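Novice: Sequence:
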Amino acid sequence: MRFKLFNVLDFSNEQFDLTRYILTSELRLNLILDLYDGEKVFEEIRLHLDKNPGNLIRGLNELIERNLVVKYDKSYSLSNIGYLIALNIINLFDNGMQSIIIMTFGKSIQLFHFRLNS
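Using my numbering, read the sequence shown as starting at 1 and increasing by one per residue.
Among the hints, erroneous ones may be present.
Stated by the list, open to error - Distance ranges between label pairs, derived from CB positions:
(1) Asn13 x His48: 29 to 37 Å
(2) Lys51 x Ser79: 16 to 24 Å
(3) Glu43 x Ser79: 18 to 26 Å
(4) Asn91 x Pro53: 26 to 34 Å
To be verified - Straight-line Cα separation of at most 30 Å, DSBU-like style, residue types lysine-lysine; simulated pairs:
(5) Lys40 x Lys71
(6) Lys51 x Lys40
(7) Lys51 x Lys71
(8) Lys51 x Lys74
Calculated directly from the structure, the hints in this document are not laboratory data.
From a predicted model like this one, the values you see are computed outputs, not experimental measurements.
Cβ atoms here follow ideal geometry from the backbone N, Cα and C, with glycine treated the same way.
Construct the entire structure; sequences and hints are all you get.
Specialist: Take a look at the structure:
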């Protein structure tokens, strides 16, 4: 199997919109990154992100509506598309695309960049 580097120019409009949707909210970005590590119950997410439970539920529900997160019983995990978009966001940073993304998406991406290096 051959792998190719993710190319930001290969984004479909839907992928671009979903990526922008994630990157324009610190909460959504943190939720996606937290779930990228694996399936979690709400309490694990709340303790790890240290955010207001109401805001977390709202953010999770928004991600569920966009089919980026799935809820099964009491646990949350990334959907297939959510996982791929999270992986693409991480790959953009790993491949030196920080300056392009910062100019495109604004402040929340800088928080993501900081989090990857901490």
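Novice: All hints, please: hold or fail.
Specialist: Here's how the hints hold up against the structure:
1. Asn13 x His48: 29 to 37 Å: Holds - the Cβ-Cβ distance for Asn13 and His48, about 32 Å, lies within 29 to 37 Å.
2. Lys51 x Ser79: 16 to 24 Å: holds (21 Å)
3. Glu43 x Ser79: 18 to 26 Å: holds (21 Å)
4. Asn91 x Pro53: 26 to 34 Å: 32 Å Cβ-Cβ, so the 26 to 34 Å window holds.
5. Lys40 x Lys71: Roughly 10 Å between the alpha carbons, so the hint for Lys40 and Lys71 holds.
6. Lys51 x Lys40: holds (15 Å)
7. Lys51 x Lys71: holds (19 Å)
8. Lys51 x Lys74: Holds, at about 18 Å.
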